[in-house]
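A.B. asks: Sequence order for the protein chains is Y and R. Letter by letter, the first sequence follows residues 68 to 381 in the numbering used here. Letter by letter, the second sequence follows residues 68 to 381 in the numbering used here.
Treat the hints as calculated values from the structure; they're not laboratory data. Wrong hints could be hidden among the right ones.
Just the calculated beta-carbon pair ranges, DEER-fashion [what the hints assert, rightly or not]: (1) Y/G159 / R/P355: 51 to 61 Å; (2) Y/R318 / R/G72: 26 to 36 Å; (3) R/E100 / Y/K247: 50 to 60 Å; (4) Y/A339 / R/A112: 24 to 34 Å; (5) Y/R362 / R/E197: 30 to 40 Å; (6) Y/P355 / R/R318: 15 to 25 Å; (7) Y/R246 / R/A292: 33 to 43 Å; (8) R/R213 / Y/A79: 35 to 45 Å; (9) Y/P80 / R/G291: 24 to 34 Å; (10) Y/R128 / R/F338: 32 to 42 Å; (11) R/R362 / Y/A79: 34 to 44 Å; (12) R/G198 / Y/P276: 51 to 61 Å; (13) R/A233 / Y/Y254: 47 to 57 Å.
Note that beta-carbon positions come from the ideal geometry of N, C-alpha and C, so glycine has one too.
What follows is each chain in one-letter form.
There are 2 protein chains.
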Amino acid sequence: MSTVGSPVLLLAPLYPPTQAELEAGYRVVRLWEAADAGAQLDAIAADCRVAVTHSGRGIDRATIERLPRLELVANFGVGVDAIDLDACRSRGIAVTNTPDVLTEDVADLALALLLAAVRRIPQGDRFVREGRWAKGPMGLTQSLQRRKVGIVGLGRIGAAIARRCAAFNTELGYFGPRRKAGVDYRYFDDIVALAGWADVLVAACPGGPDTAKLVSRAALEALGAEGVFVNIARGSVVDQPALVELLVAGRLGAAGLDVFDDEPNVPPELFALENVTLQPHQGSATHPTRAAMGRLVLDNVAAWAAGRPLATPV
Amino acid sequence: MSTVGSPVLLLAPLYPPTQAELEAGYRVVRLWEAADAGAQLDAIAADCRVAVTHSGRGIDRATIERLPRLELVANFGVGVDAIDLDACRSRGIAVTNTPDVLTEDVADLALALLLAAVRRIPQGDRFVREGRWAKGPMGLTQSLQRRKVGIVGLGRIGAAIARRCAAFNTELGYFGPRRKAGVDYRYFDDIVALAGWADVLVAACPGGPDTAKLVSRAALEALGAEGVFVNIARGSVVDQPALVELLVAGRLGAAGLDVFDDEPNVPPELFALENVTLQPHQGSATHPTRAAMGRLVLDNVAAWAAGRPLATPV
């Protein structure tokens with residue numbers, strides 16, 4: 068392959084089998100191991116044409132600017148909100164991601180969090196483990212049946228969540244920039260209106276500046292003291308300080324959160340709450356899905372190297 | 068109503084609104100409050116024709132024999148395994164339960180437990196709360212996608228679980244006394260064969276002597292170290308000592324358990340395990356479902372009192 072001599076910049080560790088295969092095929096420079104990252108970038112600037120990263124790491128404008136010959140940023144993950152897309156666009160740098168292969172696992176995790184919140188699974192688990200059941204019953208919970216589920220962002224993942232919710236006899240609504248053709252779920256052009264209508268609000272939109280704090284304090288207040296909020300999208304899409312404050316105050320009923328601002332840091336106020344289920348960004352963190360994501364990254368790099376069309380350009 | 072003077076024996080407390088409505092319409096004798104239960108039964112034996120109980124309490128042969136004029140046992144719950152059905156049958160005593168109204172909530176809980184087990188939700192929650200995420204990622208889990216789910220007992224609840232599982236792109240199989248007409252899930256006439264085929268085994272059959280330890284040690288061993296067992300049926304349907312032993316030894320992968328032998332007592336060996344989710348028999352424990360169950364109990368007692376056909380005879 069003509070590019071073997073050209074270094075591939077790897078910004079962060081990947082799923083190990085993917086990284087191993089990348090390193091078997093290319094001369095990979097591990098940026099996170101460099102004592103001086105700037106010097107490392109300067110050393111490869113003359114012939115580095117490919118950078119590989121993941122959604123949690125991305126690549127910023129400063130790094131892109133130090134690589135004048137960069138042609139491709141191949142991202143491990145569907146979310147490209149940590150990649151400076153404007154910088155890539157202005158330079159004509161192609162960006163690829165890993166859509167579709169992670170949709171179903173992320174949607175499964177959303178349902179796990181939704182069911183845990185509505186049926187109070189973490190509370191029930193602690194009730195049994197702490198020996199409280201012997202002293203009397205736990206009491207009743209809400210039901211998911213006939214409840215209204217509002218989905219923020221009816222893209223691939225949002226639609227996969229909706230399909231699952233339909234099997235649970237829920238009523239479905241969604242918010243997004245526009246009404247989707249051929250979808251008969253109830254459309255809201257205002258997120259506060261969706262949250263006021265919904266019993267459960269699920270964030271499934273992309274991250275990035277366009278959706279920053281889209282799930283606003285007003286939306287969470289409209290969801291209310293019996294409402295459930297689930298986030299498998301990005302921490303940035305919700306007003307996290309408001310979310311924490313309303314949960315602590317009992318003005319939001321429950322939450323299931325896989326994503327946070329400033330991961331892996333999580334607001335410690337959440338640790339003491341019984342009515343939240345917390346996950347360390349596990350949406351796509353399954354063996355088969357990570358393998359499939361890795362395959363797409365490798366396919367995109369190989370397509371670029373061979374001059375073929377990219378498998379999954381953004 | 069002609070029966071107002073005739074005492075209704077209530078064996079255990081019910082959902083409070085149901086009990087209040089029963090006590091508003093009938094002369095209810097609360098057996099659990101009697102200092103001497105035997106004396107209480109003798110005192111009402113001459114004219115007690117109705118007993119009301121719930122699935123956790125039932126009614127045994129000795130109690131039935133002390134009530135020679137008993138005509139109806141109205142049960143709050145679908146499971147009648149704690150009612151001595153032979154004793155009722157031989158005396159011509161009608162038994163009613165509360166089917167259908169709880170099916171969907173119980174199936175929802177089954178999926179909550181299944182997803183929690185496969186995606187390691189309790190482990191993830193503890194991982195975040197204990198501050199471990201800041202030190203590195205949690206690691207990957209299994210996926211539910213394309214996995215094989217085996218359902219033990221494809222009755223109302225089993226079928227509702229299967230419908231939900233289908234929305235998660237799983238492959239479905241089932242065990243039962245006979246192949247169901249019009250069902251295209253894979254049928255197994257042997258539970259060990261089903262467990263060997265399945266990645267996830269969900270018990271959804273009735274309790275009672277016919278299904279005692281149906282999910283045998285051999286079935287759990289066939290499910291194996293990567294297998295997941297979910298039980299929303301009855302503790303009696305699984306070999307509980309074998310279940311605990313295999314979970315502790317890592318020879319069964321994970322479990323989600325809503326029911327146990329000898330509730331509310333739970334084997335304390337389970338309390339320390341990370342790979343189990345425990346619930347205090349919450350299958351139907353939601354506000355709307357308990358209200359609907361209570362309505363059926365009251366309807367059955369009223370139908371009996373008016374000489375009309377019973378709403379939901381067993």
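A.B. asks: Tell me the numbers of any earlier hints that the structure contravenes, in ascending order.
C.D. replies: 2, 4, 7, 8, 10, 11, 12 and 13
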